[in-house]
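Student: Quick note, the sequences are listed as chains A and B, same order.
Residue numbers for the first sequence follow the UniProt record's numbering, so the first one is 1 and each next one is one higher.
Residue numbers for the second sequence follow the UniProt record's numbering, so the first one is 1 and each next one is one higher.
Calculated directly from the structure, the hints in this document are not laboratory data.
Treat the numbers as computed from the prediction; the structure is a model and nothing was measured.
It cannot be assumed that every hint is accurate.
Unchecked claim - Covered stretches of chain B (chain A as the covering partner; in silico rule of three or more C-beta atoms under 8 Å from a C-beta of chain A):
no., stretch
1, 189 to 198
2, 210 to 223
3, 226 to 235
4, 245 to 257
5, 419 to 425
What the hints assert, rightly or not - Straight-line Cα separation of at most 16 Å, EDC-like style, residue types lysine to aspartate or glutamate; simulated pairs:
no., chain 1, residue 1, chain 2, residue 2
6, B, LYS469, B, GLU438
7, A, LYS487, B, GLU521
8, B, LYS442, A, GLU434
9, B, LYS63, A, GLU380
10, B, LYS442, A, ASP428
11, B, LYS442, A, ASP432
12, A, LYS442, B, GLU434
Yeah, the Cβ is synthetic: ideal placement off N, Cα and C, and Gly gets one too.
Number of protein chains: 2
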Amino acid sequence: MNRTEPADTPLGDAFHVYDTTLRDGAQREGISYSVTDKLAVARLLDELGVGFIEGGWPGALPKDTEFFARASQGELALKHAALVAFGSTRKASTNASDDAQVRALLDSQAPVITLVAKSDRRHIERALRVDVAEACEMVRDTVSFLVSEGRRVFLDAEHFFDGYAFDPDTALRVLMAAGEGGADVAVLCDTNGGQLPLGIAETVREVADKTGLRLGIHCQDDTSCAVANSVAAVQAGATHVQCTANGYGERAGNADLFAVIGNLVTKLDMDVLPTGGAAELTRVSHALAEIANIAPDTHQAYVGASAFAHKAGLHASAIKVDPLLYNHIDPSVVGNDMRVLVTEMAGRASLELKGRELGVDLASQPTALTNVVEKVKTLEAKGWSFEAADASLELLLRRAMDDDGDGLGDALAPEAPFELESYRVVLDHRSDGEVISEATVKVHVAGERVIATAEGNGPVNALDAALRKALSPSLAWLDSVELADYKVRILPGMHGTDAVTRVLIESSDREREWTTVGVHENIVEASWLALCDALVHKAMRVAF
Amino acid sequence: MNRTEPADTPLGDAFHVYDTTLRDGAQREGISYSVTDKLAVARLLDELGVGFIEGGWPGALPKDTEFFARASQGELALKHAALVAFGSTRKASTNASDDAQVRALLDSQAPVITLVAKSDRRHIERALRVDVAEACEMVRDTVSFLVSEGRRVFLDAEHFFDGYAFDPDTALRVLMAAGEGGADVAVLCDTNGGQLPLGIAETVREVADKTGLRLGIHCQDDTSCAVANSVAAVQAGATHVQCTANGYGERAGNADLFAVIGNLVTKLDMDVLPTGGAAELTRVSHALAEIANIAPDTHQAYVGASAFAHKAGLHASAIKVDPLLYNHIDPSVVGNDMRVLVTEMAGRASLELKGRELGVDLASQPTALTNVVEKVKTLEAKGWSFEAADASLELLLRRAMDDDGDGLGDALAPEAPFELESYRVVLDHRSDGEVISEATVKVHVAGERVIATAEGNGPVNALDAALRKALSPSLAWLDSVELADYKVRILPGMHGTDAVTRVLIESSDREREWTTVGVHENIVEASWLALCDALVHKAMRVAF
Numbered sequence: 001m002n003r004t005e006p007a008d009t010p011l012g013d014a015f016h017v018y019d020t021t022l023r024d025g026a027q028r029e030g031i032s033y034s035v036t037d038k039l040a041v042a043r044l045l046d047e048l049g050v051g052f053i054e055g056g057w058p059g060a061l062p063k064d065t066e067f068f069a070r071a072s073q074g075e076l077a078l079k080h081a082a083l084v085a086f087g088s089t090r091k092a093s094t095n096a097s098d099d100a101q102v103r104a105l106l107d108s109q110a111p112v113i114t115l116v117a118k119s120d121r122r123h124i125e126r127a128l129r130v131d132v133a134e135a136c137e138m139v140r141d142t143v144s145f146l147v148s149e150g151r152r153v154f155l156d157a158e159h160f161f162d163g164y165a166f167d168p169d170t171a172l173r174v175l176m177a178a179g180e181g182g183a184d185v186a187v188l189c190d191t192n193g194g195q196l197p198l199g200i201a202e203t204v205r206e207v208a209d210k211t212g213l214r215l216g217i218h219c220q221d222d223t224s225c226a227v228a229n230s231v232a233a234v235q236a237g238a239t240h241v242q243c244t245a246n247g248y249g250e251r252a253g254n255a256d257l258f259a260v261i262g263n264l265v266t267k268l269d270m271d272v273l274p275t276g277g278a279a280e281l282t283r284v285s286h287a288l289a290e291i292a293n294i295a296p297d298t299h300q301a302y303v304g305a306s307a308f309a310h311k312a313g314l315h316a317s318a319i320k321v322d323p324l325l326y327n328h329i330d331p332s333v334v335g336n337d338m339r340v341l342v343t344e345m346a347g348r349a350s351l352e353l354k355g356r357e358l359g360v361d362l363a364s365q366p367t368a369l370t371n372v373v374e375k376v377k378t379l380e381a382k383g384w385s386f387e388a389a390d391a392s393l394e395l396l397l398r399r400a401m402d403d404d405g406d407g408l409g410d411a412l413a414p415e416a417p418f419e420l421e422s423y424r425v426v427l428d429h430r431s432d433g434e435v436i437s438e439a440t441v442k443v444h445v446a447g448e449r450v451i452a453t454a455e456g457n458g459p460v461n462a463l464d465a466a467l468r469k470a471l472s473p474s475l476a477w478l479d480s481v482e483l484a485d486y487k488v489r490i491l492p493g494m495h496g497t498d499a500v501t502r503v504l505i506e507s508s509d510r511e512r513e514w515t516t517v518g519v520h521e522n523i524v525e526a527s528w529l530a531l532c533d534a535l536v537h538k539a540m541r542v543a544f
Numbered sequence: 001m002n003r004t005e006p007a008d009t010p011l012g013d014a015f016h017v018y019d020t021t022l023r024d025g026a027q028r029e030g031i032s033y034s035v036t037d038k039l040a041v042a043r044l045l046d047e048l049g050v051g052f053i054e055g056g057w058p059g060a061l062p063k064d065t066e067f068f069a070r071a072s073q074g075e076l077a078l079k080h081a082a083l084v085a086f087g088s089t090r091k092a093s094t095n096a097s098d099d100a101q102v103r104a105l106l107d108s109q110a111p112v113i114t115l116v117a118k119s120d121r122r123h124i125e126r127a128l129r130v131d132v133a134e135a136c137e138m139v140r141d142t143v144s145f146l147v148s149e150g151r152r153v154f155l156d157a158e159h160f161f162d163g164y165a166f167d168p169d170t171a172l173r174v175l176m177a178a179g180e181g182g183a184d185v186a187v188l189c190d191t192n193g194g195q196l197p198l199g200i201a202e203t204v205r206e207v208a209d210k211t212g213l214r215l216g217i218h219c220q221d222d223t224s225c226a227v228a229n230s231v232a233a234v235q236a237g238a239t240h241v242q243c244t245a246n247g248y249g250e251r252a253g254n255a256d257l258f259a260v261i262g263n264l265v266t267k268l269d270m271d272v273l274p275t276g277g278a279a280e281l282t283r284v285s286h287a288l289a290e291i292a293n294i295a296p297d298t299h300q301a302y303v304g305a306s307a308f309a310h311k312a313g314l315h316a317s318a319i320k321v322d323p324l325l326y327n328h329i330d331p332s333v334v335g336n337d338m339r340v341l342v343t344e345m346a347g348r349a350s351l352e353l354k355g356r357e358l359g360v361d362l363a364s365q366p367t368a369l370t371n372v373v374e375k376v377k378t379l380e381a382k383g384w385s386f387e388a389a390d391a392s393l394e395l396l397l398r399r400a401m402d403d404d405g406d407g408l409g410d411a412l413a414p415e416a417p418f419e420l421e422s423y424r425v426v427l428d429h430r431s432d433g434e435v436i437s438e439a440t441v442k443v444h445v446a447g448e449r450v451i452a453t454a455e456g457n458g459p460v461n462a463l464d465a466a467l468r469k470a471l472s473p474s475l476a477w478l479d480s481v482e483l484a485d486y487k488v489r490i491l492p493g494m495h496g497t498d499a500v501t502r503v504l505i506e507s508s509d510r511e512r513e514w515t516t517v518g519v520h521e522n523i524v525e526a527s528w529l530a531l532c533d534a535l536v537h538k539a540m541r542v543a544f
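Assemble the whole structure, with the sequences as input and the hints as a guide.
Tutor: Quick look at the structure:
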């Protein structure tokens with residue numbers, strides 16, 4: 001735990017990937033990490049191989065104090081990263097050694113400390129209410145005290161770019177004070193997030209020339225340029241980049257760690273992670289979204305589920321021949337996958353490719369492939385859509401192979417774990433204003449006819465509850481299956497018919513998620529179809 | 001509809017804000033616009049004041065063909081924008097005038113046409129399977145044919161940056177062929193989205209020097225730099241920028257129209273929108289998300305609900321004193337708000353403005369206004385959203401004025417044309433596979449208690465039918481009211497509660513459309529609430 005440099009990374013201390021998910025990322029509305037969450041986040045970031053993990057602000061936030069205590073007592077064994085505590089410089093007109101906040105930083109036992117200091121004269125005068133000389137002295141004194149206590153110190157120069165534009169002299173004096181105190185890196189922060197990359201690059205070059213200091217960069221995403229600004233700063237000479245997982249952070253968020261690393265590794269050929277680290281980007285991104293309890297952004301660069309997904313039928317056949325002509329990188333480099341979406345323009349090529357992705361070899365069975373193409377076209381004309389419903393598509397592919405009649409497909413075709421006889425849903429808005437949903441299902445399962453009734457907070461919830469009640473005595477795995485997400489889309493009528501409803505259900509069994517689709521003019525029936533596919537798909541996985 | 005230049009914008013034709021939401025944006029997984037949706041999207045983009053709206057690919061997609069037909073028949077009156085049809089250059093070894101796809105572009109009646117052409121030699125040789133000379137001839141011939149037919153033509157040079165890096169000569173020859181044919185703008189496309197801003201700026205400068213052509217930029221977001229790349233290209237000399245609303249698009253998406261405009265207007269001081277346009281950014285962004293049926297990204301730069309929201313703590317009091325020290329811009333410039341609100345709609349000023357727009361004078365009644373603000377906040381915390389439901393908002397405003405108790409509002413407050421006692425909906429999936437929906441309503445109307453039962457193709461349809469059966473003998477105007485569109489969004493549970501369903505119903509009486517909203521954990525009850533609001537709103541219009 002006394003490491004102050006990244007370990008076992010090709011670039012060593014020459015380049016810092018610095019993560020502040022646990023401090024600045026936690027500013028995002030809706031995120032509330034427990035201490036256990038924080039330890040889990042730190043472990044995942046370390047597995048990925050970042051060089052520095054900022055754990056929080058000990059002394060200011062009780063949870064952060066506890067995090068550092070538990071980390072230093074052996075609950076956090078880091079392979080690659082050095083642990084960092086974040087805090088403020090001492091108050092005005094005191095000594096750093098007497099300042100309680102500064103003491104708390106030492107008490108955290110963190111070997112590296114990042115101090116935040118104001119570098120915009122307006123903030124120094126209006127918020128801090130001291131003059132520039134005292135502000136510089138607060139920086140110099142606090143840095144040199146912590147260095148004398150054996151800590152490595154970085155300085156976050158808050159509002160640097162706005163301050164430098166307003167009064168460059170003050171901004172530079174604050175940086176120089178940090179350097180004089182013994183800080184290793186002066187981090188230029190775009191705290192309000194208003195910068196653009198060409199300007200950032202110019203300023204970083206100027207400041208490096210004028211100060212001779214080692215520079216870092218910290219960007220907020222208020223212009224939607226945080227990733228670009230961070231990379232531009234590195235191209236201009238910064239050798240320390242502060243990011244958060246998935247760009248979590250206040251307002252529009254911070255620079256996304258995964259996109260910044262993806263760009264550094266694949267565009268600038270910088271080995272900023274340990275060997276094998278880049279291939280962990282997608283997994284770690286999704287795991288951190290899980291812990292933050294925020295749905296992953298399917299369209300996130302590099303790591304999103306759709307980041308390499310192609311929809312256009314136009315290119316599908318060309319992609320098969322030469323995937324790298326249609327992707328900016330090989331998705332496996334960042335641990336992602338190329339998914340081909342099936343849409344109304346679906347042709348043989350994209351379905352064959354999709355089959356291969358799902359482990360169904362259609363190439364060797366042209367008749368089955370023809371059946372599938374026809375089936376998908378017919379269903380899509382009725383409003384079905386398989387682009388987001390891989391599990392339903394897989395069932396359809398496997399069933400089509402069964403239809404082929406060559407006996408080969410039969411082993412692959414899923415058997416339904418139950419058969420429906422009928423269901424009835426009753427919705428009552430009573431005269432006292434209460435609304436009640438009740439469902440009854442009659443099903444055949446494990447050789448028996450079962451009838452079950454349940455209530456729910458809506459028709460689909462009631463139907464799901466009744467079905468579970470009927471099936472769970474016979475199907476042991478059912479308890480592990482959860483309905484994780486439910487989406488509804490009303491489609492305008494096609495060819496003069498009435499509107500239909502398309503339902504997507506995402507299910508989860510704690511190990512895996514899968515999505516199924518149902519389409520019907522009746523929303524409850526559409527939901528029922530998607531629900532049944534979800535269970536059949538799970539049953540198939542259990543069987544194989 | 002014959003406009004080929006932006007109208008009533010300060011920069012006129014000198015700078016092009018070009019929107020391709022309806023074509024490239026529609027490539028996003030999960031987006032499926034109806035023709036009516038497309039018309040609504042185009043109207044909103046025109047209200048914002050973009051210069052060009054690319055409507056789709058006529059001849060290739062039936063929906064797009066229909067969109068252009070309806071647009072040219074008077075369903076789309078654009079105040080600012082010119083309408084653009086997108087298509088491919090002619091096939092190899094033919095004449096442009098004989099090419100069916102090229103003909104379809106003319107048939108669309110669009111005054112401006114954007115042609116896509118390959119500019120990467122590898123794509124020309126491997127996907128197009130022609131030599132570079134023929135590829136250039138396909139461009140020159142198609143452009144000059146369309147120009148001779150009176151169209152303004154832009155060229156999208158696909159895979160330009162990758163192609164230019166691989167073989168600059170070929171990439172430049174394709175651009176020059178377009179210029180020789182008479183194209184007005186050569187748009188450099190980062191089709192695979194792998195570029196970074198410093199490189200983009202350098203290439204744009206070089207290409208401008210070497211070709212002398214007017215250049216445009218089209219960026220995909222695969223490095224999370226699409227906005228930055230677009231802005232860097234403009235700083236390097238591009239005067240035409242192609243974007244999509246909220247960055248919708250294939251894979252990681254396209255450059256976000258709202259962030260690009262936000263940056264051009266507030267960072268580069270470019271008046272790219274008509275006067276007042278920038279203040280519409282937030283509203284239009286959210287309305288377009290509604291139509292796409294995609295939850296708005298709360299952390300989106302400039303327009304996100306959290307874009308200017310500060311989590312309490314460190315800066316809270318300082319922000320009150322001097323907000324501009326903690327925000328990169330004044331949020332009102334882009335129609336956004338700094339307060340931590342569920343949406344920007346809940347502010348006093350915007351509700352007052354909204355009231356005026358709907359003919360309800362709230363300015364003179366501060367108590368009523370306070371009631372409305374509180375009511376909207378409470379409802380929005382429960383998942384209600386009035387951004388796309390003006391009719392429900394109008395009812396809420398009028399009811400609040402009634403609550404004011406000063407007697408003044410009463411005349412304006414709508415009386416419900418009927419009162420519900422109860423309803424019951426029964427859904428049967430019978431053992432023969434048939435699915436039946438039946439609804440019974442008990443209502444009080446015109447002094448009588450009426451019970452009516454009807455069937456429908458789903459629970460909401462059955463409920464609507466039963467209600468009509470009960471009411472139409474008493475309410476003569478009911479027959480003219482139609483349910484024109486119905487949208488459903490499942491909202492994740494708030495504060496640990498279960499998920500709720502938000503339903504939007506668009507109604508029409510052949511003269512006018514109006515939209516109402518209902519929210520409940522039970523989808524049928526949510527639909528019922530929206531349905532009732534729709535009828536009450538119509539009754540109010542009949543009464544006044």
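Student: Run the structure past the numbered hints and jot down the numbers of the failing ones, going up.
Tutor: none
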